[in-house]
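Heads up: the protein sequence lines correspond to chains V and D, in order. Take the first sequence: its letters are residues 10 to 112, numbered as in this note's numbering. Take the second sequence: its letters are residues 834 to 1029, numbered as in this note's numbering.
Since the hints were derived computationally from the structure, they do not count as laboratory data. Careful, some of the hints might be misleading.
Heads up, simulated DMTMM-like pairs for lysine to aspartate or glutamate below, C-alpha to C-alpha not over 20 Å straight-line [unchecked claim]:
no., chain 1, residue 1, chain 2, residue 2
1, D, K1012, D, D962
2, D, K863, V, D105
3, D, K863, V, D67
Label pairs and their in silico Cβ distance ranges [claimed, not checked]:
no., chain 1, residue 1, chain 2, residue 2, range
4, D, G986, V, E15, 45 to 51 Å
5, V, V80, D, K1012, 48 to 54 Å
6, V, A108, D, V936, 20 to 26 Å
7, D, V989, V, V87, 24 to 30 Å
8, V, D105, D, L840, 44 to 50 Å
9, V, E109, D, G915, 19 to 25 Å
10, V, V80, D, G946, 22 to 28 Å
Beta carbons: idealized from backbone N, C-alpha and C, even for Gly.
One letter stands for each residue in the lines below.
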Amino acid sequence: MIAAIEPSWYLLLAALLFGIGAFGLMVRRNPLVMFMCIELMLNAANLTFVALATRLGDINGQTAVFFVLVVAAAEVVVGLGIIVSILRRRPGATADDLAELKG
Amino acid sequence: MTDTTFLEYVVFFSAAVMILGGAIGVIILKNPVHAALGLVLTLFGVAVQFVAQEAHFLAAVQVIVYAGAIVVLFLFVIMLLGVDESMDLSIEPIPIQRPLAAVMGIGLVGLVGAAIIRARDSLDINPGDGIATASDTGNNDSNIEQLANNLYGDHVFAFQLTSVLLIVAVAGTVLMTRKWPRDADGRSTDHESSDT
């Protein structure tokens, strides 16, 4: 099958998605929204993996996406656990308030 | 331009609009619930792109695991903590944080984009063994069969380790968030809530 869409278009789309996620991670202060921005960046990496796997004819790229999904699930579980612990103790805390953790 | 080619363009650009619109929604919407819904839009767009590249299994897993489990977990935590009120995004706690972040983001996209455009010719090499797509082989299960052979063949040890990772993550989270019983003095043995 000759694909009309070039793989570089997928890569550029993934780069844009990663840039938006990185920008959001730097400007948002709500820890939950920061986590969503991390998910955006992970998805950009997944899109790159699949685009290059298709282009280079290598199934290992799709397997890597599978592992990224598993690690993302584990990361969300631990991260949301930390956020629940923090916000239960200090409602409305933002990422800046965590500077109080320093000794 | 054949009809199939035109349809591929339509699918690519509508999914790209979904992805970028959802991503921008995540970072500009004030209410965390709306941001989570923007994330769903992005995840569905990525799933559509996976289908367009004939990675059918990953598209299904993307919808089930990401949109079905992770976003529901986000919404659950938002509702549990009651942080679903809108935040004032107009205040900027650290001066010039946003311009600096914009410069960094645009620079990142520019660098990666330049690398992609520079390297697009070398994307034509095709060193792999080939991906068995449904449209090439006529077998609708070919993608999932090839992925399963790769995952349980070449990467079986890594696959076992992911189960260890998930167990450790779940056990750690339970340990971290459970409320500890109070000791005989009536003080909480939980160091996190010892002064509450």
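Against the earlier hints, flag every one the structure doesn't satisfy and list their numbers going up.
-> 1, 3, 4 and 5
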